[in-house]
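First to last, the protein sequences are chains A and B.
Throughout the first sequence, residue numbering follows my numbering, covering 84 to 437 in sequence.
Throughout the second sequence, residue numbering follows my numbering, covering 86 to 462 in sequence.
Incorrect hints may appear among the rest.
[Claimed, not checked] With beta-carbon atoms standing in for the labels, derived distance ranges: (1) A:Asp233 - B:Thr383: 50 to 60 Å; (2) A:Asp178 - B:Trp297: 26 to 36 Å; (3) B:Ala200 - A:Val324: 39 to 49 Å; (4) B:Asp230 - A:Pro136: 29 to 39 Å; (5) A:Glu431 - B:Leu316: 47 to 57 Å.
[Stated by the list, open to error] In silico contact screen, one side only, chain B against chain A (beta carbon under 7 Å); selected entries: (6) Ile353; (7) Ser378; (8) Tyr380; (9) Glu388; (10) Phe390; (11) Leu397.
Keep in mind that the hints were calculated from the coordinates and are not lab data.
Treat the numbers as computed from the prediction; the structure is a model and nothing was measured.
Where is the CB? At the ideal position from N, CA and C, for every residue including glycine.
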Amino acid sequence: MENRAIAQKKDAATAPAPAPGPAAKGKPRLLLMGQRRSGKSSISSVVFHKMPPNETLFLESTARVQKDSMHSFMDFQVWDFPGQLDFLDPTFDLDAIFGEIGALIWVIDAQDEYLEAVNRLNSTILNLQPNYPNVNVEVFIHKVDGLSDDYKLDIQRDIMQRIQDELSDNGIENAPINFHLTSIYNHSIFEAFSKVIQKLIPHLPTLEAMLNNLCRANGFEKAYLFDVLSKIYIATDSSPVDMPSYEICSDYIDVIVDISEIYGWARPQSYIEYLEGPPWNHKLEDQVACKDAESCIVLSDGRRPIMLREVNKYLALVMVGKEGSYSQMAMITENVGTIVGGLLKAFEITKARK
Amino acid sequence: MPLFLIPRDDIQVIDDSSSSDEPEIPTMEQQMNNLSVQDEPVASPVSEPRKQKKKKVLLMGKSGSGKSSMRSIIFSNYVAKDTRRLGATIDVDLSHVKFLGNLTLNLWDCGGQDAFMENYLSQQRQHVFSNVGVLIYVFDIESRDFDRDLLTYRSIITALSQFSPGASVYILIHKMDLVVPNQREDIYNDRVALIQSKSDSFNATPFATSIWDQSLYKAWAEIIHDLVPNLDQIEKDLGNLGKIIMAEEILLFERSSFLVVSSWASDIGKLNPTTDRFERLSNIIKNFKQTTSRYTGTPKSAEQFNLLELKLQTFSLFIQKFTTNTYLAVVLPPGETTFNCAQLNCALARSQFEDLDSPPKRSADRGATASGEASAV
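Could you put together the complete structure from these sequences and hints?
Structure (structure tokens):
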């Protein structure tokens with residue numbers, strides 16, 4: 084786990100470096116587009132660079148395409164487009180932009196006049212449809228914090244209506260377009276990104292099936308497979324996702340990473356030798372039950388345990404147990420261990436294919 | 086925030102029997118008290134020793150310097166951002182904060198507007214400045230007129246030396262986050278030197294604080310640390326416990342504020358390069374408590390978790406509910422056996438530490454037995 088903390092630090096330091104050029108081929112790409120000042124750079128800073136939301140106020144406007152390469156359980160790129168750029172201009176090589184695209188994320192500022200944004204989105208989709216019919220278009224109706232629930236839904240309905248009308252007028256039905264209500268001031272942006280990223284994972288059904296099994300066998304209320312760095316969940320069991328449980332699981336990861344940073348310093352060699360000496364006479368590796376990080380917190384309310392298990396450098400499994408199941412911890416730990424083995428195998432198989 | 090101008094001399098009554106009065110008291114003070122009310126059904130009704138225990142803690146400083154904000158964060162589970170809601174404090178805001186069961190902090194949050202200040206120094210002089218245990222004076226680093234602040238501070242110190250010459254004085258240079266990082270130290274040292282030169286015979290302990298990071302916890306943990314009466318005993322007991330379970334470090338947290346009350350570290354634990362770890366832990370856990378309270382729907386002041394375990398390759402750690410008003414955090418070398426033994430031993434030692442939460446008269450011969458009992462396992 085402290086490796087991870089270090090990895091996270093390193094990554095934060097190196098992440099804003101310019102993306103590698105042609106070498107980065109073969110990685111799915113997320114394109115962030117939308118009107119200027121709609122919040123594209125803020126989103127990518129908050130989600131991928133751990134910037135506190137209130138500091139995004141000071142972000143300069145993006146002048147050129149900002150390419151970030153994310154190294155995680157799966158390598159992908161995030162391209163942040165300047166709002167004023169008209170990439171439908173013939174001088175742009177559309178194939179270079181949309182060739183390996185994983186998803187097109189279109190950000191619309193919900194607190195602003197959005198008609199023009201909707202029009203541009205429509206023309207973009209119309210231009211893309213003939214050549215790239217399979218591009219997932221994810222519309223983030225952004226900055227919805229501070230709007231009332233009714234108003235949010237009204238806006239969403241209005242935007243959906245306008246886009247679908249325009250598309251069906253042009254003879255396009257069932258285009259893959261999804262809508263998300265987001266804000267960087269709460270977890271909704273992470274949730275939306277989770278759904279976007281999940282579409283890029285080829286073996287998602289396998290992962291989900293495993294998590295379903297895990298939940299059924301141990302009576303968990305919810306299980307999430309998290310990308311530790313970005314707090315995006317890349318898979319979850321089939322029970323509906325509720326924000327509170329997502330929040331507590333993602334915050335719990337923070338707690339564990341922070342604590343391991345405080346106490347995960349390198350102990351002197353003499354101390355380790357003393358620990359490995361009598362009366363134990365075992366290597367430290369053999370004294371611990373599990374070589375990855377394991378953690379558990381028992382909430383006072385209903386004595387509900389929340390468990391965390393490190394899967395590999397990038398991933399962690401976080402589970403919400405049912406009331407009073409702390410007493411069966413030994414069995415649960417064993418089951419979780421098995422599932423983690425399975426998850427690792429699933430990832431191994433997809434890697435080999437590349 | 087509601088105001089409390091009700092004189093609260095009847096505070097002892099509430100602990101003992103008439104908790105039915107409780108709902109009538111407006112939110113904030115209730116929040117602080119209701120923690121301890123249910124904890125202590127049989128607290129000694131004898132008011133004599135209790136009266137002695139009540140130390141007056143004066144929280145003073147210029148208007149808008151952040152006194153009420155820090156108080157709310159430390160004692161009422163506010164997050165930094167929530168303090169925007171707080172209005173100006175009018176006159177004196179009295180609250181009785183229960184701390185470790187038998188220690189009641191009689192916290193006087195004094196509104197800092199000039200008119201009030203004059204009032205404290207003239208009509209209410211004796212009322213305010215007599216029987217003071219601790220004076221916490223907050224300076225706003227951004228203040229435009231520092232000389233004037235010093236002048237006020239000077240008159241406060243004079244009044245204090247007149248009525249409570251034995252009080253300890255803490256100065257908090259607050260809102261440090263507003264200063265450019267590379268200038269912080271210089272400005273801070275500058276201010277502290279000036280303030281200390283004006284502190285008369287008092288030995289003022291300075292802290293640089295900000296509500297936006299853990300520095301606030303550091304300052305308050307040390308202030309509280311000086312107020313706990315039987316601290317030597319607690320520290321000795323923790324040390325004994327630590328040696329028996331081979332811990333690297335043991336921390337004792339107060340339950341609602343999650344301040345570190347007492348700590349012990351082994352020779353190895355002392356080598357930890359993170360020197361601000363106590364306040365960082367307080368900060369981490371307090372923030373997480375906000376999340377859990379949202380998740381469970383229980384009030385922020387209620388107890389949120391019973392046990393936290395963490396096992397890594399390099400260390401293991403657990404934080405468990407210890408006595409009624411405390412949590413115990415234990416850092417151990419890695420290893421399943423060590424971990425489980427330590428957990429059992431701590432659970433056994435729990436009863437020996439219970440006197441933290443009861444009146445002090447029984448504490449005389451308690452601590453020594455803690456080690457004996459625990460080693461039996």
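When the least beta-carbon distance from Ser378 (chain B) to chain A is tested against 7 Å, hint result:
Violated, because the Cβ-Cβ distance from Ser378 (chain B) to chain A comes to roughly 9 Å (cut-off 7 Å).
Double-check Ile353 (chain B) for me: the hint is only fine if its C-beta lies closer than 7 Å to a C-beta in chain A.
holds (5 Å)
Using 7 Å as the Cβ threshold, decide whether Tyr380 (chain B) counts as touching chain A.
holds (4 Å)
Classify the hint on Phe390 (chain B) as holds or violated, based on whether any CB of chain A lies nearer than 7 Å to its CB.
Phe390 (chain B) check passes; min Cβ-Cβ to chain A is 5 Å, inside 7 Å.
Given Glu388 (chain B) was flagged as interface, is its beta-carbon under 7 Å from a beta-carbon of chain A?
holds (5 Å)
Taking 26 to 36 Å as the stated bounds, is the beta-carbon spacing between Asp178 (chain A) and Trp297 (chain B) within them?
Because 48 Å falls outside the window, the suggested range is violated.
Using the C-beta atoms of Asp230 (chain B) and Pro136 (chain A), is the stated range 29 to 39 Å upheld?
Distance hint for Asp230 (chain B), Pro136 (chain A) holds at roughly 34 Å.
Holds or violated: Leu397 (chain B) as interface residue toward chain A, Cβ cutoff 7 Å?
holds (5 Å)
Does the Cβ-Cβ separation between Glu431 (chain A) and Leu316 (chain B) fall within 47 to 57 Å?
holds (55 Å)
If you check the beta carbons of Ala200 (chain B) and Val324 (chain A), does the distance land in 39 to 49 Å?
Violated, at about 54 Å.
I want to verify a distance hint. Is the separation of the beta carbons of Asp233 (chain A) and Thr383 (chain B) within 50 to 60 Å?
violated (29 Å)
Hints 1, 2, 3, 7 from the list above are not met by this structure, while the remaining hints are.
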